[in-house]
Amino acid sequence: MSDRAEIFETVTRLIEPFNKKGIALTESTSFAKDLEWDSLTVMDFVAAVEDEFDIIITMNMQAEIETIGQLADAVKKLKQ
Amino acid sequence: MTEAAQTADALPEYPVTVAPESDLFSKFDPLIAEREALLASGVRDPFAIVMDKVLSPTQAVIKGKETILLGTYNYMGMTFDPDVIQAGKDALDNFGSGTTGSRVLNGTYQTHKACEDALKEYFGTAHAMVFSTGYQANLGMISTLAGKGEYIILDADSHASIYDGCYLGNAEIVRFRHNSVEDLDKRLGRLPKEAGKLVVLEGVYSMFGDVAPLPDMVAVAKKHGAMILCDEAHGMGFFGKHGRGVYEEQGCEGDIDFIVGTFSKSVGTVGGFCVSNHPKFEVLRLVCRPYVFTASLPPSVVATAAMSIRKLMHAHNKRAHLWENSKRLHSGLREMGFRLGTETPQSAIIAVILEDQTQAVMMWQALLEQGLYVNMARPPATPAGTYLLRCSLCAEHSAEQVEQILTMFRAAGMATGAIG
Numbered sequence: 001m002s003d004r005a006e007i008f009e010t011v012t013r014l015i016e017p018f019n020k021k022g023i024a025l026t027e028s029t030s031f032a033k034d035l036e037w038d039s040l041t042v043m044d045f046v047a048a049v050e051d052e053f054d055i056i057i058t059m060n061m062q063a064e065i066e067t068i069g070q071l072a073d074a075v076k077k078l079k080q
Numbered sequence: 001m002t003e004a005a006q007t008a009d010a011l012p013e014y015p016v017t018v019a020p021e022s023d024l025f026s027k028f029d030p031l032i033a034e035r036e037a038l039l040a041s042g043v044r045d046p047f048a049i050v051m052d053k054v055l056s057p058t059q060a061v062i063k064g065k066e067t068i069l070l071g072t073y074n075y076m077g078m079t080f081d082p083d084v085i086q087a088g089k090d091a092l093d094n095f096g097s098g099t100t101g102s103r104v105l106n107g108t109y110q111t112h113k114a115c116e117d118a119l120k121e122y123f124g125t126a127h128a129m130v131f132s133t134g135y136q137a138n139l140g141m142i143s144t145l146a147g148k149g150e151y152i153i154l155d156a157d158s159h160a161s162i163y164d165g166c167y168l169g170n171a172e173i174v175r176f177r178h179n180s181v182e183d184l185d186k187r188l189g190r191l192p193k194e195a196g197k198l199v200v201l202e203g204v205y206s207m208f209g210d211v212a213p214l215p216d217m218v219a220v221a222k223k224h225g226a227m228i229l230c231d232e233a234h235g236m237g238f239f240g241k242h243g244r245g246v247y248e249e250q251g252c253e254g255d256i257d258f259i260v261g262t263f264s265k266s267v268g269t270v271g272g273f274c275v276s277n278h279p280k281f282e283v284l285r286l287v288c289r290p291y292v293f294t295a296s297l298p299p300s301v302v303a304t305a306a307m308s309i310r311k312l313m314h315a316h317n318k319r320a321h322l323w324e325n326s327k328r329l330h331s332g333l334r335e336m337g338f339r340l341g342t343e344t345p346q347s348a349i350i351a352v353i354l355e356d357q358t359q360a361v362m363m364w365q366a367l368l369e370q371g372l373y374v375n376m377a378r379p380p381a382t383p384a385g386t387y388l389l390r391c392s393l394c395a396e397h398s399a400e401q402v403e404q405i406l407t408m409f410r411a412a413g414m415a416t417g418a419i420g
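Residue numbers (my numbering), protein chains in the order written: chain A, 1 to 80; chain B, 1 to 420.
Hints were generated in silico from the structure; no laboratory data involved.
Heads up, the beta-carbon is just placed ideally off N, CA and C, and yes, glycines get one too.
Misleading hints may appear alongside valid ones.
Partial pick of chain A residues on the chain B-facing surface, computed with a CB cut under 7 Å [stated by the list, open to error]:
1. MET43
2. THR58
3. MET59
4. ASN60
Modelling step: build the complete structure from the supplied sequences, incorporating the hints.
If you want it as structure tokens, here you go:
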């Protein structure tokens, strides 16, 4: 499995505990529109992703990330 | 002449037909609907209270009813202090009603310097800078201290003014879990070593009234080479031997680079400030936009603040009485079965956590009808989506008033089902 595919899989695994509505998770799933997360859920989820990959996703970066695919891209970049 | 001709230069009259997609107010429709539904249930609007008369720091008249105030942040009850009022009157007579200018141009009077001198003495620092509000003090300090390529690390439960200070500036923003030393340490450790860092903390967090573990947080911040700003909006006046704040009480004097505070709580008027010993501090007066590009406070306001600050230095008895009030209210509410924001009384704020908006508003109204005003707080101001009735005690609340408050809480809690 490629690095990117592995990241995507890990990210979707981390989303599941917060996926209260059981939405199917794809590259284009939107955190705000599809998952309907509020800012507190975002905070908890971002902390989980940061701890998993040992990275920091600043609030400035978070503002640019709308979909799971974009998050996986950002994580890949930050890990380098 | 027609009506239209007379008002030809006035703003458009509503209702005019605006297509929902071009009406900038459409985004507020969910909030408007929520509020309308709430008010349709017959409750009073918790965000539209008018104090018709204010009798003292702890009593006002609301809709003809004499009401005990338990939601004012007026911790030290300085608003009706005769010396404070006299200082304001004298300044009005001698300096006029306002400065009509920026601190860096025509807006610095002798009164503003005297107020900064009082702050320097109160906090024992070399520098003090007075802003027009506490909100602007955070806005100015945070946006100016951390620039592009530098980092602000803030507690997730930070006050709106701290978040807004981040958004006004160009720094990278990193949040850590509320009051978690471990989370702060982890996040600081992942940031580039060479980049400038500002850790922003609060002595007391205003929603639940809990205090920060400052010594541990300071140690972690220092380990990673970060500067520290601590907001003592709710700590000044009450905590520490000199009333400097939670950082004094916890023995962190000399460890915090910047203390931000407000005049609109213990000091009893309006305004904000930052005190520091940083040798280059004074340059901020030239580069801090929320300081430069606004009018300075009226001389009467800074004169009342200066007098109040000087009196607060010696307010040991008031501090002791305020602690007694806080402890009594906390234990009384707990015994009745209310769920509170903190296990133990940690500050002069006691937050009663309710199930939902309906219960919170019902409870709030039941208290008001008995003659007690508390703050109702709701998301997004509150953490974790909670609905709170927030009580803030005053050193001028008598022991009898605290007992009256408890009696009213028991009745309101029983009537609304908040307690059994």
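Right, here's what the structure says about each hint:
With 7 Å as the threshold, the beta carbon of MET43/A comes within range of chain B, its nearest partner Cβ sitting at about 6 Å, so the hint holds. Residue-level restraint check for THR58/A holds (minimum Cβ-Cβ distance to chain B is 4 Å; threshold 7 Å). Taking 7 Å as the C-beta contact cut-off toward chain B, the hint placing MET59/A at the interface holds, the least distance being around 4 Å. Annotation: ASN60/A was flagged as interfacial toward chain B, and the flag holds, the nearest CB pair being 6 Å apart, inside 7 Å.
The structure agrees with every numbered hint stated previously.
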